[in-house]
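Peer 1: Below are the chains, spelled out letter by letter.
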Amino acid sequence: MPLVKTPKPTFAQKLKRFFMIDLLKGMGLTLKYNLGAITDKDAVAGKGIYTEQYPKVRPDVAPRFHGAPRLNMDPETHDTLCIACNLCAIACPEDCIDVIAMDVEIVVAGKPRRKKVLDEFIFDTSRCMFCALCQEACPTSCLELTQDFELATYSRAGFVWNREMLEQGRETVKYTS
Amino acid sequence: MLLLAPVDVLNELLLKFFSADTVNYFIWPLIQIGLVVTLVALWVAYATYLERKISAFMQARLGPMRVGPWGLLQPIADGLKLLTKEDFIPEKADRWIFFFAPYIAVASAFIVFSVIPFGPDWAVIADVNIGLLLVLAVSSVGVLALILAGWSSNSKYALLGGLRSSAQMVSYEVAMGLSLIGSLMFSRTLSLSGMVAAQGSDSIWYILYQPAGFLIFLISGIAENNRAPFDLPEAESELVAGFHTEYSGMRWSLFFMAEYAAMVVVAAVATTVYLGGWYFPFVYGLEASGYHNLYVLVSVLVFLVKASIILYIYFWLRWTLPRFRYDQLMDIGWKWLIPSALINIVLSAFAVFLVQGLNGWRGIQTIEAIDRGLNLTATGKGVMIAFGIAGLFITGALLARINWRSRDFNLKTQRRNIRLVNVPKGKPARA
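Protein chains in written order, with my numbering: chain A, 1 to 177; chain B, 1 to 431.
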């Protein structure tokens with residue numbers, strides 16, 4: 001008699017053990033995954049392959065994802081949409097935006113006027129928490145947080161983006177093969 | 001004849017320079033050996049690729065994808081990487097044994113391919129009439145390499161791995177050899193080509209006569225190759241990497257190659273003995289219509305496909321089942337596989353005896369011919385297949401009865417020992 005009391009197996013359990021049903025079940029499971037992976041075309045989660053071919057194929061980020069900032073420009077004239085109102089800098093809870101404006105002389109209806117335009121725009125992505133409050137505050141839909149997420153650089157200074165970087169976007173290596 | 005004409009052209013060209021004997025007994029065998037070594041090396045390399053791919057698919061991953069299309073050049077990249085790595089020998093290792101152990105492993109795995117019939121005619125290097133015996137003898141030398149590697153590394157993990165592998169291989173070697181005897185009763189020859197011919201002339205695969213033998217051979221083959229779920233000698237979680245813990249670079253990859261080559265050997269032998277080898281119902285049509293070389297090539301392909309299916313079972317089992325505990329491993333070897341192999345021999349002998357007795361009794365014809373193996377008529381085949389499948393259940397039930405609570409017997413002896421030491425007689429011991 002064994003020292004440890006074990007519940008006696010029923011006849012059905014004995015039969016199950018004799019024919020190794022559990023082993024066959026396990027084999028069936030792995031076979032199902034294997035066949036699913038081979039026949040799967042577009043990697044539907046739960047049926048086929050989960051792996052994303054990241055640098056080659058860009059992953060689909062969620063629609064509400066906030067990533068790298070961008071300063072939008074007028075698509076026709078390529079002038080910046082920013083009116084240097086400083087609302088984004090005020091809205092920013094992390095205080096990571098600096099809007100530097102300057103005055104320019106322009107002639108409106110034959111009279112000389114002074115106009116406040118954007119000179120430089122500093123955006124510190126290392127302090128940014130991507131809350132997109134600046135995007136909400138912007139009256140001209142100029143500042144926008146895009147879905148680009150590759151923000152790593154080699155130095156702390158690289159995290160501070162100036163106007164040119166914000167307008168053109170950063171150069172990233174695109175892998176094709 | 002038109003297909004692969006260069007073979008004949010080459011033969012004529014060689015006959016201009018050498019005598020017929022030299023060409024037939026020296027040059028062509030060398031070409032055959034080169035072809036087989038190339039084929040097997042490629043097969044082994046791509047077995048690693050396939051294993052990685054299949055394991056990835058079973059875990060909903062992609063596996064190697066970056067080197068070449070679908071990662072097809074990955075084995076070559078791996079080989080190059082390993083070639084350029086440092087071949088490190090530990091300071092206190094036994095240098096020469098450490099040096100030679102991988103070569104023994106690879107050689108013992110590759111020599112076996114000299115008798116494997118990949119196909120008819122020129123696709124077999126040597127048709128030895130003790131082929132099966134040679135396969136078993138040479139492949140069991142592989143254990144020597146593991147023991148030597150484990151011992152010479154001067155490392156505890158490697159030594160434990162070597163010990164485990166020797167115990168495991170010795171206990172499973174017996175079941176492996178015994179399980180093949182049943183099919184020898186039908187083929188009446190030890191030559192592997194002869195076994196394929198016997199299955200061809202009987203137009204049946206011996207897996208139908210010998211399902212129990214096939215299962216025992218496959219399980220003990222997996223255990224013999226130290227593959228999961230029997231990979232105790234290289235159990236990562238316990239022994240780092242087992243016997244090849246201290247190996248690196250090309251020497252390590254030689255062990256790896258030997259492991260995969262041994263797997264291919266078992267798959268090839270299982271194919272030859274149980275799945276009809278290169279024999280396939282329609283290949284004779286090609287021979288009849290005169291395409292001899294095409295017939296050989298198709299036969300080789302059929303053989304490779306059959307062996308690959310068995311290799312797939314290897315991968316499939318590895319990525320499904322967890323590792324056995326060491327006592328469970330020995331239990332399966334000694335309490336289940338060896339007795340069931342013995343029962344299988346007795347049952348098959350009885351079946352053959354019965355079929356012979358039935359032949360001519362009340363006009364029943366069971367045996368057609370016995371000159372090329374045991375050729376049975378449809379009735380005889382029915383009897384034999386019924387016996388084979390019934391034998392599976394008889395063996396299982398009998399051993400389940402015998403091994404029922406076999407673990408308790410050990411507990412009994414343990415308690416008796418305890419009682420002898422501490423407890424006065426008449427009182428039951430408590431653990």
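Note that these hints are calculated values from the structure, not bench results.
Among the hints, erroneous ones may be present.
Said to hold, decoys possible - Distance condition first, Cα-Cα at most 30 Å in a straight line; then the derived DSS-like pairs of lysine-lysine: (1) A:LYS25 - B:LYS156; (2) B:LYS92 - B:LYS156; (3) A:LYS8 - B:LYS92; (4) A:LYS56 - B:LYS92.
Stated by the list, open to error - Have a look at the derived ranges for each label pair, beta carbon to beta carbon: (5) A:GLN53 - B:ASP21: 50 to 60 Å; (6) B:VAL37 - A:ARG170: 46 to 56 Å; (7) A:ALA62 - B:ARG61: 51 to 61 Å; (8) A:ARG17 - B:ASP127: 42 to 52 Å.
C-beta: ideal position from N, C-alpha, C; glycine also.
Peer 1: Hint by hint, say whether it matches the structure.
Peer 2: Do the hints match the structure? See the list:
For the proposed pair A:LYS25 and B:LYS156, the alpha carbon gap of about 38 Å is over 30 Å, so the pair is violated. At roughly 13 Å between alpha-carbon atoms, B:LYS92 and B:LYS156 fall within 30 Å of each other, so this suggested pair holds. The straight-line distance between the Cα atoms of A:LYS8 and B:LYS92 is roughly 55 Å, outside the 30 Å bound, and the hint therefore fails. With a C-alpha separation of about 48 Å, the suggested pair A:LYS56 and B:LYS92 falls outside the 30 Å cut-off, and the hint is violated.
Between A:GLN53 and B:ASP21 the CB atoms are about 58 Å apart, so this pair conforms to the stated range of 50 to 60 Å. In this structure the supplied range 46 to 56 Å holds for B:VAL37 paired with A:ARG170, their Cβ-Cβ distance being about 53 Å. Distance hint check: the CB atoms of A:ALA62 and B:ARG61 are about 23 Å apart, inconsistent with the given range 51 to 61 Å. Checked against the hint of 42 to 52 Å, the C-beta distance between A:ARG17 and B:ASP127 comes to roughly 45 Å, which is consistent with it.
The earlier numbered hints that this structure contradicts are 1, 3, 4 and 7.
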